[in-house]
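Peer 1: First to last, the protein sequences are chains A and B. Take the first sequence: its letter number 29 is residue 573 in the working numbering, and every next letter is one higher. Take the second sequence: its letter number 91 is residue 218 in the working numbering, and every next letter is one higher.
Take the hints with a grain of salt, since some may be wrong.
[Unchecked claim] Below are the DSBU-like pairs computed for lysine-lysine, each with C-alpha atoms no more than 35 Å apart in a straight line:
| hint | chain 1 | residue 1 | chain 2 | residue 2 |
| --- | --- | --- | --- | --- |
| 1 | B | Lys205 | A | Lys547 |
| 2 | B | Lys151 | B | Lys195 |
| 3 | B | Lys195 | A | Lys547 |
| 4 | A | Lys613 | A | Lys653 |
| 5 | A | Lys653 | A | Lys547 |
| 6 | B | Lys205 | B | Lys195 |
| 7 | A | Lys547 | A | Lys613 |
| 8 | B | Lys151 | A | Lys547 |
| 9 | B | Lys205 | B | Lys151 |
Quick caveat, the hints were computed from the structure, so don't treat them as lab data. Computed from a prediction, not measured in an experiment: that's the story for all the values here.
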Amino acid sequence: DAKTTQPNSMESNEEEPVHLPCNHSTISGTDYIHWYRQLPSQGPEYVIHGLTSNVNNRMASLAIAEDRKSSTLILHRATLRDAAVYYCILRAYNNNDMRFGAGTRLTVKP
Amino acid sequence: DAGVIQSPRHEVTEMGQEVTLRCKPISGHNSLFWYRQTMMRGLELLIYFNNNVPIDDSGMPEDRFSAKMPNASFSTLKIQPSEPRDSAVYFCASRGLAGFNEQFFGPGTRLTVL
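From just these sequences and the hints, can you work out the full model?
Peer 2: See below:
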């Protein structure tokens, strides 16, 4: 399985943008890039996913490098509620399962 | 919809006892996943089902663990006999055909084996 590399932790100030990086240099052409987050004492929740083009939804934006070997999750305006562990995951197009790594623990300071 | 429902939310048992964790997926979803989360190993996929059929159980740690899905609305994860190293939070997730990219997770069951 293609692996991802994320920083262990990041800090942000409330109401400022946050850029969470993910490296996936061994990604294959048909792997989707998924982001989930896990709030304290909760199960993970879906944030966003993409294949080649940048994606936007109500929660975040996903910027994918042209060579697809890295991506960045962008929270446009961090709130205290965004403090969580953020997971970047690769999923093969024909595969049902996802393998979570250690993720990035985001701390948001008031 | 109530989301994915797991029971019990907390379970404390003694080593050697049988433990059964339960999951009710979101109605209409056809895929179900069992995960285990510990501080040491993070979030691990144990097994998943498509249309009630186990597809990949390579993550099941050993023969003490078994999972069933007798119908589309119910699944169990059983540990027999339980050991202290099984202590973890166990999550169930489901996914529908339309939302191929999004898994919906339950609140988890925190298992403590003494």
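Peer 1: Report the numbers of all earlier hints that the structure fails to satisfy, in ascending order.
Peer 2: none
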